[in-house]
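Q: Protein sequence lines correspond, in order, to chains V and D.
Just so we're aligned: the first sequence equals residues 958 to 1114 in the numbering used here.
Just so we're aligned: the second sequence equals residues 69 to 183 in the numbering used here.
Since the hints were derived computationally from the structure, they do not count as laboratory data.
All C-beta atoms in this analysis are idealised placements derived from N, C-alpha and C, irrespective of residue type, glycine included.
There's no promise every hint is true.
Away from chain D, derived, C-beta distances all over 10 Å, residues of chain V [said to hold, decoys possible]:
| id | residue |
| --- | --- |
| 1 | Ala-964 |
| 2 | Glu-968 |
| 3 | Leu-1025 |
| 4 | Gly-1027 |
| 5 | Ile-1047 |
| 6 | Arg-1062 |
| 7 | Ser-1065 |
| 8 | Leu-1066 |
| 9 | Lys-1077 |
| 10 | Pro-1085 |
| 11 | Gln-1109 |
Which chain D residues stay away from chain V? Per the calculated CB distances, all over 10 Å, these [claimed, not checked]:
| id | residue |
| --- | --- |
| 12 | Asp-95 |
| 13 | Gly-137 |
| 14 | Pro-164 |
Derived coverage of chain D by chain V (criterion: at least 3 residues anywhere in the stretch with Cβ under 8 Å from a Cβ of chain V; other residues may be distant) [to be verified]:
| id | stretch |
| --- | --- |
| 15 | 96–106 |
| 16 | 114–126 |
Letter by letter, the chains look like this.
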Amino acid sequence: MRLSVVASWVESPLKHFVDDARVEIAVLLHPSGQVMGQYGFARSIDVMSACALASAIHASSSELGRMLEGQPFSALHYTGRDRQVFLGAIPSQSGVLLLLAVFDRESSLGLVQLFLEEFKTRVAAAAPSATAGTPAALAEDFERDLNRNLAQLFGRA
Amino acid sequence: MASPFAQVTESLIRHRGVLGAMIVGVDDGMIVESTLQIGVNGNAFAALSASLYRKARRSAAAAGFGATGFLELTAEQGRVCAAGAEELVIIVVCEPRVNVGMVRVELLRAVEQLP
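Chain D on its own, in the form it takes in the complex (with noise of 0.2 Å):
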């Protein structure tokens, strides 16, 4: 059966040069659901993404900027972009050339269909 989550990565991967999608445990960096193409190392990605969005979330509070709405990776051949709610964060993996609007525009929208 497939899990309440998988429409959700699964209309991210959608979007052109997105190679992945995960939901993960902001706390554990586990993986709830994953739509990954070949290639992507899903459980060290999940467990370094999420400790990543744990401390820019912390480095947001200690700020004094109040929660984190996104956060955006750049890299040299590659995107990682994340949103989350409380105990669960929405992960893409995206090639450079991924239209970064279209994927944050989708990416806060399924934050919201999260618990």
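Next up, chain V with everything else stripped away, as it sits in the complex (with noise of 0.2 Å):
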């Protein structure tokens, strides 16, 4: 399965991760939506959906966080009869990210956990500033920015 990423940063701390945790799949995203790096998918209509899915899912629990907590849940995970998800947040330099992870009996959410906090250490280190890096997306260019970053991903750029 391919690793492919929008921006050459992301490569390898995704890489580490995939190879590390054993997961089956794993998507680093903007919490907008906009794909920054991907390993297990084929067809980009499905990153498009789980990163509009992760997206929501991201936004909604981090709502629920801060009327519970006062503040946004850090991780989320799902239990599934096969596969299980888990949906963390990673803080960058650019601002928090997002990692989705789908992972099976080869791996299991200690070890997704343990791999997630030298994954976040490999970004820290690894990500432009936001002012080195590509600027936040905005609203009236995000299609044209997540097709973009689709279309890298994909080799139709």
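Two chains, each in its own frame: build the complex with the hints.
A: In structure tokens form, the structure reads like this:
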């Protein structure tokens, strides 16, 4: 399975995470739903759907966290019959990013959480600052940026 | 309120050379109960050891050896011993000088107390 990234700094942290945590799918995205890198998906439409859903889940759970604890929840875990989903917030110099990971019995929640901490450290070291990196997504540019990122990931740029 | 498993880990750590005892979920690698000495990274250790135990159990099953009874990993500066039930595994972290025979007996006795 091919790992594809929009920004080159994403590649190394994401590759390490996928290799170490043994996840089936990993997507790093902006909370707005823009993909930054992915492993495990073969079709851009699947990435787009996963990012949109992850973004919506993050927005809902963040708001729920604010209501209950005064601050957003930092991670969410869901256990299905065969697969599990983990969605975690990744602090970076340009703001919070999200990591969506899907794993089966080859991995575990403990392993994903363990290697998530290493992933956070790698992202913090590799991510450019907000001024040097990609500017924050604006509503008017969202669709264009989303399509550009997906095209880059799947080799249609 | 102490968890019903606290007594299990506390009795294991009383042995000379035992640095930590944990009860961990086999499938999720999360700590249910632990008694650890300073310097042991519990969460990381639990996740990796549970993964090791899961793989050992699958290997034993694939080889047709049946259920995994006792797992021992000997490293340069310590030992890891594990024994488990269906959903939980007890993991003990030891110094190299530990009496492994004693740990084994205590561990297998402790496993009987797991659900």
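Q: Take the hints in turn and mark each one as holding or not.
A: Quick rundown of the hints versus the structure:
1. Distance check for Ala-964/V against chain D: the nearest CB is about 29 Å away, which clears 10 Å, and the non-interface claim stands.
2. For Glu-968/V, the requirement that its beta carbon stay farther than 10 Å from each beta carbon of chain D is met, with the minimum near 25 Å.
3. For Leu-1025/V, the shortest C-beta to C-beta distance to chain D comes to about 22 Å, beyond the 10 Å cut-off, and the non-interface label holds.
4. The claim that Gly-1027/V is not at the interface with chain D holds, since no C-beta of that chain comes within 10 Å of its own (minimum 25 Å).
5. Distance check for Ile-1047/V against chain D: the nearest CB is about 18 Å away, which clears 10 Å, and the non-interface claim stands.
6. For Arg-1062/V, the condition that its CB be more than 10 Å from all CB atoms of chain D is violated, with the nearest at approximately 7 Å.
7. Its closest Cβ contact with chain D, about 4 Å, brings Ser-1065/V to no more than 10 Å, contrary to its assignment away from the interface.
8. Once the 10 Å rule is applied to beta carbons, Leu-1066/V is inconsistent with being away from chain D; the minimum gap is 4 Å.
9. For Lys-1077/V, the requirement that its beta carbon stay farther than 10 Å from each beta carbon of chain D is met, with the minimum near 14 Å.
10. For Pro-1085/V, the non-interface assignment is confirmed: its Cβ lies about 29 Å from the closest Cβ of chain D, beyond the 10 Å cut-off.
11. In this structure Gln-1109/V is separated from chain D by more than 10 Å, as the shortest Cβ-Cβ distance comes to about 34 Å.
12. Non-interface status of Asp-95/D relative to chain V is broken: a Cβ of that chain comes within 10 Å, the nearest being about 6 Å off.
13. The Cβ of Gly-137/D sits about 21 Å from the closest Cβ of chain V, beyond the 10 Å cut-off, so the non-interface label holds.
14. The claim that Pro-164/D lies off the interface holds: its Cβ sits roughly 25 Å from the closest Cβ of chain V, which is beyond the 10 Å cut-off.
15. Figure legend: the stretch 96–106 of chain D, annotated as covered by chain V; annotation consistent (3 residues with Cβ-Cβ distances under 8 Å, at least 3 required).
16. Counting residues of the stretch 114–126 of chain D whose beta-carbon sits less than 8 Å from any beta-carbon of chain V gives 6, enough to reach three: the coverage restraint holds.
In this structure, the hints that do not hold are numbers 6, 7, 8, 12, in rising order.
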